[in-house]
Amino acid sequence: MSESDAPAVLMEGVRKNYGSTQALAGLDLTVAAGTVHGLLGPNGAGKTTAVRILTTLLRPDAGRAEVLGLDVARSAAALRGRIGLTGQYAAVDERLTGLENLEMFGRLYRLPARRARARAMELLERFDLADAARRMSGTYSGGMRRRLDLAASLIIAPPMLFLDEPTTGLDPRGRIGMWEVIGDLVRDGTTVLLTTQYLEEADQLADQISVIDGGRVIAEGTADELKARIGGHQLDIEVARGGDLTAAAGVLAGVGTGEVTVDEQSRRLSVPVPGASVLAEVVRGLDAAGVALVDVALHRPSLDDVFLSLTGRASGAAAHDGGGAASDTPPAQGGGSEPQDLVTT
Amino acid sequence: MTTTETAVFGKVPPDGSPAGAAGSRSAVDLTPASRSGLFWVTSDAWLLAKRSLIHTWRVPDVLVFSSVQPVLFVLLFTYVFGGAIDVGPGKNYVDYLMPGVFAQTVVFGAMLTGMGLATDKQNGLLDRFRSLPMARSALLTGRTLADLVRNTFIVLLMLAVGLAVGFRFHDTSAPEVIAGFAVLLLFSYAFSWISATIGMAVSNPEAAQSGGLIWVFPLVFASSAFAPVDTMPGWLQAFAKHQPVSVTIDASRALFQGGPLATPLISSVAWSVGIIAVFGPLAVRVYRRSTSR
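Note that the protein sequences, when read in sequence, are chains B and W. Each step along the first sequence adds one to the number in numbering that gives the first Met the number 0, with nothing skipped, and position 328 is 327. Each step along the second sequence adds one to the number in numbering that gives the first Met the number 0, with nothing skipped, and position 126 is 125.
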């Protein structure tokens with residue numbers, strides 16, 4: 000296998016139980032070298048377990064897991080010198096300064112003292128922490144600590160970087176700052192596996208997204224593909240008169256990509272739509288039908304929406320897949336080919 | 000510095016584009032140094048020990064609190080309880096007491112090892128350390144060695160307090176006095192490994208603290224630390240005479256004040272070596288299986 004076409008991450012049928020709790024139920028995952036792969040799912044879906052297995056912190060109970068062509072169990076020691084990990088919390092030593100932290104981690108990555116220091120200075124500069132280099136990191140803001148944490152995982156410029164919910168707990172500004180940094184890394188060719196609970200984050204950063212739930216991948220594709228699958232946007236309207244509900248539903252059905260839901264009590268209707276462009280059409284249609292509006296709202300799908308729509312179908316998919324049995328073939332990378340057929344029925 | 004080997008670690012852009020700015024491009028040669036395994040075991044442990052010592056130095060409240068408690072014990076036992084405790088004709092209670100206080104100090108001090116490790120575990124640092132190519136034993140040996148240094152410091156402080164309230168060495172020599180402290184500190188180091196195992200096994204520092212103290216209290220108080228074992232009920236004497244804290248106190252007492260030495264010394268060293276032999280590998284084993292949270 001040559002470097003260029005070997006996947007950076009390969010997981011096949013990986014299982015992990017904690018006692019009687021099943022964390023991974025046959026996870027299949029392929030991350031192409033040089034890409035950013037988003038692992039999207041709610042709390043408890045198995046994201047962190049997957050990252051811990053790939054970073055040698057946990058051993059899988061069954062299945063195959065390789066990073067950069069190295070088996071995570073058999074070649075753990077060699078692998079640790081080639082990966083970077085940034086976990087869910089900023090794992091830096093609060094009682095050391097930023098510089099001391101990076102120097103220590105540099106030495107632990109086997110760099111000689113002088114080079115560890117030079118690299119630490121370089122990274123502090125790069126992550127806008129040079130002014131705070133000699134302050135205890137416990138005094139840093141949340142965003143600064145995250146940047147220090149990320150800097151620590153980049154000391155040896157690892158070809159493979161794992162980011163486990165890198166923006167959890169950050170304010171919107173800190174989050175956007177973090178996205179920019181990750182974006183830079185990606186442009187530089189680092190392969191990144193990123194877990195997140197936020198579709199928007201996966202959308203911003205990831206070339207390819209795997210939605211995981213119950214310890215397995217339930218859908219895979221680009222952000223656009225996933226969003227298209229649930230209809231892009233959701234349109235909610237509230238009509239003034241109960242008698243207009245039927246007429247309004249008719250108008251919405253004409254523009255929607257899915258079923259119109261009607262709540263007679265609150266006189267509200269909603270429908271998935273392809274995008275904001277339909278708004279004018281809807282308003283014109285409703286006006287022509289003589290429907291008086293109280294409220295119109297258009298919102299982008301949230302992870303909840305994607306997830307709801309995917310898990311709704313995934314229960315059927317799991318049945319034809321023979322319950323928890325792992326698929327024999329790894330999920331194909333990119334484009335429209337999917338591990339499971341989840342396209343609208 | 001050579002740059003010929005950077006391809007191994009420095010850059011692996013799959014498309015052959017130049018390695019990048021954010022993390023992948025560096026003016027520094029990022030080739031790891033190549034040394035023997037023993038070198039790394041020592042060097043990593045030293046790095047981690049240095050880190051823990053910086054903590055102690057920078058946030059000295061731990062040091063202050065772990066010194067105040069034994070000082071209070073010295074004052075309390077010397078001036079309040081001491082008069083009621085008979086340690087034998089012509090003997091001074093403070094001479095009897097101080098080896099017990101030294102032992103109590105190092106045993107409680109050793110319990111901080113586990114708390115420190117449990118803190119690393121709770122705040123995610125453990126995961127970071129475990130994902131690094133460092134020696135598997137380094138976090139634990141580094142921490143236990145740093146705690147040994149801290150305990151040595153506190154014992155010397157207690158010695159000064161003891162001397163101030165009338166403690167003196169009798170019928171002994173400088174090498175024997177040094178040996179007496181060595182026995183105490185070896186014991187302290189052994190207990191740090193028990194504490195390290197507890198710290199790695201529990202989920203938070205509070206659990207490490209209570210889990211560390213529950214079994215240490217009876218060992219410290221049902222011992223020869225504060226009162227002669229012969230004054231205890233028969234069923235307790237059997238335990239109190241032979242348990243590790245007592246034999247360590249008896250050995251250091253004999254080295255500081257004269258008296259029968261061989262049996263307690265051999266027992267104490269055997270306990271310490273045995274504890275390290277069992278709990279050292281056990282703690283490393285638990286460490287290798289621990290993850291944060």
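None of these hints come from the bench; they were simulated from the model. Positions of the beta carbon are idealized from the N, C-alpha and C atoms, including for glycine. Treat the hints with care, since some could be wrong.
Covered stretches of chain B (chain W as the covering partner; in silico rule of three or more C-beta atoms under 8 Å from a C-beta of chain W) [to be verified]:
hint: 1; segment: 68–81
hint: 2; segment: 97–110
hint: 3; segment: 268–279
hint: 4; segment: 282–290
How the hints compare with the structure:
1. 68–81: holds (count 4)
2. 97–110: n = 8 at 8 Å, threshold three: holds.
3. 268–279: violated (count 0)
4. 282–290: violated (count 0)
The structure shown violates the earlier hints numbered 3 and 4.
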